[in-house]
Amino acid sequence: MAETGQLSIRNAGKIYDPDGIHVVALQRVSLEVKANEFCVVVGPSGCGKTTLLNAIAGFDQLTDGQISMDGALLASPGKKLLPGPDRMVVFQQGALFPWKTVMWNVTCGPLKQERMAPAEAAEKGRELLARVGLHDIEDSYPEGLSGGQKRRVEIIRALMNDPKILLFDEPFRALDALTKSVVQEHLLELFDFAPKTVFFITHDLEEAIFLADRVAVMTTRPGTIKKVIAVDIPRPRDYRVLTSGRFLEIKAELGEAIHEEAKKAFEAGERELA
Amino acid sequence: MTLTPTPAIAPQPIGPRGSIGDRARALLTNPRIHQGVFGIGVFFLAWFLLIDLFAVWRFGGLPKLVEAVREWVSLKPIFGVSLFTAEYYKHIEASIFRVFTAFSLATLSGITIGILMGWRRIFFALTFPILEVLRPIPILAYIPLAIILLPGRETPIIGLTFLAAFFVTILNTLLGVQSIDKVYYRAAQSLGFSQWQTLWHVIVPGALPYIFVGLQIAMGACWFSLVAAEILSGSAGLGYKVWETYYYVQFPTMVIAMATLGFLGYVSSALVRIVGNRLMRWREQILSGI
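The listed protein sequences correspond, in order, to chains A and B. Once you know that position 227 of the first sequence is 227 in this note's numbering, the rest is easy, because the numbers rise by one and skip nothing. Once you know that position 48 of the second sequence is 1048 in this note's numbering, the rest is easy, because the numbers rise by one and skip nothing.
Just so you know, the hints here were simulated from the structure itself, not pulled from any lab data. Careful: at least some of the hints might be erroneous.
Straight-line distance between alpha carbons at most 20 Å, and here's what the computed DMTMM-like set of lysine to aspartate or glutamate pairs gives [unchecked claim]: (1) A:Lys-226 - A:Glu-206; (2) A:Lys-227 - A:Glu-206; (3) A:Lys-112 - A:Asp-86; (4) A:Lys-80 - A:Glu-32; (5) A:Lys-196 - A:Asp-86; (6) A:Lys-227 - A:Asp-204; (7) B:Lys-1182 - A:Glu-143; (8) A:Lys-100 - B:Asp-1181; (9) A:Lys-79 - A:Asp-64; (10) A:Lys-124 - A:Asp-192; (11) A:Lys-100 - B:Glu-1284; (12) A:Lys-164 - A:Glu-114; (13) B:Lys-1182 - A:Glu-170; (14) B:Lys-1182 - A:Asp-60; (15) A:Lys-100 - A:Glu-138.
Required output: the full structure, derived from the provided sequences and hints.
Quick look at the structure:
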């Protein structure tokens, strides 16, 4: 199988309003994500994680450096590839179309791109939904689903497009702890079943370690990569790894790095308010 | 690994379903209906007490409730208009025809323009300022213009009725498009939607809740300006009849025409709500009203 979805971020920089208040959101960010690797970026709020994800997705432009995937340029100053189904995003606040049924949401990508026949798309959708424990909700509307169900449907909607890379923008932020752990397990199950390159941002350390092959810690503004830690906990993983010795070691190491940044971010916030 | 089956959640039904008998029973036992009927009863009781029974000063010139009802159900009404006369239905038909025509035109054109304004910045920039200038001009001020501009007696009335609904529909549709979270556009882009697919599957349904709030207001505005226009240039219609009967001191018929206007306004708004709730089954919150 040809491995695709290799993401390469080189010296990426982003300055908002260069002539005015000049906010440096990203500064010389470099990160290589291997094909089929689950890479998680953690960092304090406002460190530029979402800016980086938006640049990869094609929603935002860089002002420095470049991002490429499988050797093809995705983004560089003044140039960006439009968003497309090769880089699917699962959004923080959820973006299922509330006015369409679950089945419509799940199958719309391949149908609009004319990559599947309706019957084929419906069958594949049902199969993937069942894989994450969702049955008989095809005709429901998103408003009738729980938070955890919505997140799973949205992940399936992204997967239906067979993207080269999946981009997650703090997708489980709004979930309660119990729901979160169930959805995380479902995500890992999908990943183990059919590995894909994943770029996942969060500020939840445990989530990062539980999911990732590698965790990258970002500094507070200007955002840059401070440290990359490989998570050598074997897969498949379940909730029991959360209390394993290796998990706690990695958590301690990461925790130190991120705590410094969180403190800096907090103090910077205080200064801005003062 | 845990694979918890998720309990199925059926789409929430809106309102009672089932046979006509079931629905009728549900309506008759619904406390909201009782309360609504009670409210209407209080109004008519006040009318009866103030005018029929105690003939309170200032209300002396108005028709008694009993008189108006008797006229309304009479086979041979004194002033020629009752449930059993063709003239009554001629006026109703004239007014309904005008409102229906004007409202349909305003809905079609207003939603189209509102969506274009929300969809394309250039269209917004071109049209918004002029619309904001034209919109605050009261419909009554447009009457001479409509009479000069539009041929015959019928088209000025329809034109004025249209105009009131037109601006309301545009504005609410525009607000509806602007209310759509940009995350849905991003999702559509990632999913590979074309411009037209985005228009049809994101913008139009996303704006619907505001559009239907606008259409309800527009329907009210239609009846309001209809009556104003009929009074000034009509030869039939309920608004015309209100004015004519006032002129000829046929007060029972005047209140019959007024009550009929109120009733038709109520029914037409309810129809807009029913259509809206049908089109927006995905919402848990419905356009309320009976």
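(request) Would you list, in rising numerical order, the hints stated earlier that this structure does not obey? (result) As far as the earlier hints go, not one is violated by this structure.
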